[in-house]
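Participant: Under our numbering, the first residue of the sequence shown carries the number 3, and numbering increases by one thereafter.
Wrong hints could be hidden among the right ones.
Claimed, not checked - Beta-carbon label-pair distances, calculated as ranges:
| hint | residue 1 | residue 2 | range |
| --- | --- | --- | --- |
| 1 | Pro33 | Glu94 | 13 to 21 Å |
| 2 | Val34 | Gln104 | 14 to 22 Å |
| 3 | Gly91 | Thr136 | 27 to 35 Å |
Simulated from the structure, these hints should not be mistaken for lab results. Every residue gets a Cβ at the ideal spot worked out from N, C-alpha and C, and that includes glycine.
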Amino acid sequence: MTRAYRYILTHDSGMAPCPDGGLISLATCKPVIRRVARPGDWVLGFRPGSLERGLMLWAGRVAEKMSHGEYQRQHGNRSDAVYRMGKNGDYERLDPAYHPSQAEMDRDVREPVLLFDKAVSVYLGGQPASLPDTLAQLAAAGRGHRVSEVAPDELAALERWIGALTPAPSVRGRGRRQSCR
């Protein structure tokens with residue numbers, strides 16, 4: 003059965019997730035989700051602290067997982083491609099300002115990059131959408147992330163709802179470049 007990972011996105015800087023060029027990726031942060039999510043699983047990010055629970059900022063179906071080295075080779079022009087495999091086999095930081103400590107870099111590169119299916123993924127940025135009542139059980143709450151198995155009829159309803167948000171699932175809006183609070 004397909005799993006859905008849900009979490010509160012406290013900072014939407016356009017890096018995690020990264021919506022560059024219509025492709026949504028998760029290359030940094032959320033290491034547990036990046037480690038355990040499989041192609042076909044869903045990841046949903048929600049706005050924190052609002053009076054209305056279930057304000058979705060983005061959602062995507064995992065299409066592919068790849069190492070940071072491979073991601074940098076294939077997608078090196080993206081703003082979240084901040085690490086590359088050095089000649090000695092160690093990762094090198096390309097953006098010294100992003101996650102500047104060695105511990106942060108190690109946490110980022112230890113887990114793979116997730117790429118999301120363009121056909122059924124959406125990034126809403128500063129224009130979140132409220133989950134309909136029929137999908138309210140997918141809303142995130144509290145710290146960390148939640149995971150649950152999602153029935154095929156719920157997945158179909160989620161895909162229909164995402165499809166109705168925009169003419170085609172896409173990137174709509176930009177990262178707020180600030181806290182989502």
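Participant: Given the range 27 to 35 Å, decide if the beta-carbon distance of Gly91 to Thr136 lies inside it.
Facilitator: 49 Å, violated
Participant: Has the hinted range 13 to 21 Å been met by the Cβ atoms of Pro33 and Glu94?
Facilitator: Given a distance of about 19 Å, which is inside 13 to 21 Å, the answer is holds.
Participant: Can you let me know if the beta-carbon spacing of Val34 and Gln104 is within 14 to 22 Å?
Facilitator: Distance hint for Val34, Gln104 holds at roughly 20 Å.
The structure does not agree with numbered hint 3 stated previously, though it agrees with all others.
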